[in-house]
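Asks: Assemble the complex: chain A is given as a structure, and chain B must be docked to it using the hints.
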Amino acid sequence: MSPKKTDTTTAITENVLGKTSSRRSFMKGLSLAAAAGSAALATGCIPSANAASSEQMKLRWKEFFKKNYRLMSQQEKDDTVARLERLAKLQDNMYVQINNEPPIEKVLYGYAFNITRCEGFMECVTGCIKENNLDRKTNTQYIRIFEMEPGKLDPSTGDGTYFHKVPVENKFYMGTQCFHCENAPCTKACPTKATWKEPDGIVVVDYDWCIGCRYCQAACPYYGRRFNWGKPEIPRDEITVKQHYLGNRIRPKGKMEKCTFCIQRTRKGRLPACVEACPTGARVFGNLLDPDSEIRYVLKHKKVFRMKDDLGTEPKFWYFID
Amino acid sequence: MKIQFTHYMRPLLFLPVLTLVLGMSGTSEASESLFIDLVKSSDESFDNRSVNHVQPVIEKTVLAKEQYQGGSFRVLARKDEIERFKCTSCHTDKNVLVKNGQELTHGNVVIDHGQEGSELGCIDCHHPEDRDFLEDKKGRKIDYDHSYQLCGQCHFRQKRDWLGGAHGKRVQYWTGDRVVYNCATCHDPHSPRFKERFPATYSVPLK
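Order-wise, the sequence lines are chains A and B. Take the position in the first sequence, starting the count at 1, then add 1093; the result is the number in our numbering. Take the position in the second sequence, starting the count at 1, then add 9; the result is the number in our numbering.
Only chain A is shown next, with the shape it has when bound in the complex (with noise of 0.2 Å):
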């Protein structure tokens, strides 16, 4: 559903009933009275009775009832981050910088590997899960890496848990990650709208909004989303503070999550963790839409192909070969 949609959706409404009251904040009328008793401290979705009349209780009940993302004002994002920001000190005692930059006009991210270059030392995925506070206990990586056979380009004949000292002989290295396709079956599929495609191209997640049903992982032909069935268990000196609402912020308990391209470090100008910390240089970052880009010089002067082309899904990750 579009903003503008809503917006006049909303009209309607209040024309029709002559009050400025919407359904949301008539729900959360309803449930602030309804939380004076404990029947509906009861029903799990409602901060627990110890937290009650506390600050973290006011801030996890406005958490609760805050818009999707795509359809809050400029001064609600900042008011939903910065109480993100007190709920993390809050709960646990963890100073992070959540922001909400937005696209960069006149940018259309895209990513090219070079599956002649990469020669496995993983190096991304350690630098990926570090950035994304990604889950150690369970080993969650947005990035994979396959040792392929030579001639064979499909991912799933490659050997995707290998661990020896590489590179092989005769064999070639081929990274996957989300590819943030242009016409992405995984937005469709959800029937929340938690997840869509960003004016610069990323496809992102609004992690309170997603409900964990996961029709968005069954859809992607992929495997490029992740689903957390826990909230990530950090060290604590290894969480990046930097975060991003829609990037690498620490998810909440079963949620679907996924690259970003870094979306945290990209609308700032720089370059994923990924590509920084590959130490062959086989991925290639940059704005499509800017003819002197480095991934334009890929796309205009290398053969490139994509995964699985014929599905139109349109994803903006080429590999290619020197």
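I should point out that these hints are in silico values taken from the structure, not numbers from a laboratory. Be careful, since some hints might not be right.
Stated by the list, open to error - With a straight-line cut-off of 25 Å between C-alpha atoms, the simulated PhoX-like cross-links for lysine-lysine are:
| no. | chain 1 | residue 1 | chain 2 | residue 2 |
| --- | --- | --- | --- | --- |
| 1 | A | Lys1245 | A | Lys1393 |
| 2 | B | Lys49 | A | Lys1401 |
| 3 | A | Lys1264 | B | Lys204 |
| 4 | A | Lys1199 | B | Lys49 |
| 5 | A | Lys1395 | B | Lys168 |
| 6 | A | Lys1393 | B | Lys49 |
| 7 | A | Lys1395 | B | Lys146 |
As the list claims (entries may be wrong) - Derived list of chain A stretches under chain B, where covered just means 3 residues or more per stretch with a C-beta under 8 Å from a C-beta of chain B:
| no. | stretch |
| --- | --- |
| 8 | 1193-1202 |
| 9 | 1205-1217 |
| 10 | 1232-1242 |
| 11 | 1356-1368 |
| 12 | 1388-1395 |
The beta-carbon is built from N, C-alpha and C at its ideal position, and this holds for glycine as well.
Replies: Using the frame of chain A, we list chain B on its own:
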């Protein structure tokens, strides 16, 4: 006049179906190529200095002596990274004492560069007289910070890709003033191939 429907007109029955099929395939092709066409047709240079938060890189850089498709760019400087630079502080006319021999010869340098049987020697790249410089096959003096000029004389394909952006990588930012890694930032010029080693981590099966 009444038109007789005869057997040889039968294929005409499929004509509407055929047009429909052709028409559909035509539109689907158009929508598929839309995105890539948008990318190809955007030829307006992006103002790389317009992005907020981009800071100059911390590492020492030099202005490259060559251009890429977007104009001039910078490369990471090398001289400060070389352990014993400046070379002429040892390479003088003074005699070397035997007791310093162990320390002063480059015994730690192992050359694994060039094809087997015809490995490169020191003065294939280093200047035979002026030790603070490199020398290419045309006899031009090359600064250590601009070693890409030397490497590019054999590895011209890699250099072309490096200039364009398909080889090597940028430092820290995808936008802002372009700063790229120098050849020798990643490759040890004495044995440029990356060494075999264990990967940084491992993956568990997805399913």
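Asks: Each hint: holds or not?
Replies: Verification of the hints:
1. Between A/Lys1245 and A/Lys1393 the CA atoms are separated by roughly 24 Å; this keeps the pair inside 25 Å, and the hint holds.
2. This hinted pair checks out: B/Lys49 and A/Lys1401 have alpha carbons roughly 21 Å apart, not beyond 25 Å.
3. Using a Cα cut-off of 25 Å, the hinted pair A/Lys1264 and B/Lys204 holds, with the two alpha carbons roughly 16 Å apart.
4. Among the hinted pairs, A/Lys1199 with B/Lys49 is consistent with the structure: their alpha-carbon atoms are about 14 Å apart, no more than 25 Å.
5. Only pairs whose Cα atoms come within 25 Å are accepted, and A/Lys1395 paired with B/Lys168 is accepted, the gap being roughly 14 Å.
6. Our distance criterion of 25 Å between C-alpha atoms is met by A/Lys1393 and B/Lys49, whose separation comes to about 9 Å.
7. At most 25 Å may separate the alpha-carbon atoms for a hinted pair to count; A/Lys1395 and B/Lys146 exceed this at roughly 29 Å.
8. By the rule of at least three residues with a Cβ nearer than 8 Å to a Cβ of chain B, the coverage given for the stretch 1193-1202 of chain A holds, with 4 such residues.
9. Counting residues of the stretch 1205-1217 of chain A whose beta-carbon sits less than 8 Å from any beta-carbon of chain B gives 8, enough to reach three: the coverage restraint holds.
10. Coverage of the stretch 1232-1242 of chain A by chain B holds. Counting CB-CB distances below 8 Å, 4 residues qualify, and the rule asks for three or more.
11. Closer than 8 Å: that is the beta-carbon criterion, and the stretch 1356-1368 of chain A has 6 residues meeting it against chain B, so the requirement of 3 holds.
12. Coverage of a stretch by a chain is defined here by at least three residues with a beta carbon nearer than 8 Å to that chain's beta carbons; for the stretch 1388-1395 of chain A and chain B the count is 7, and the condition holds.
Comparing the model with each numbered hint stated earlier shows that hint 7 is the single one that does not hold.
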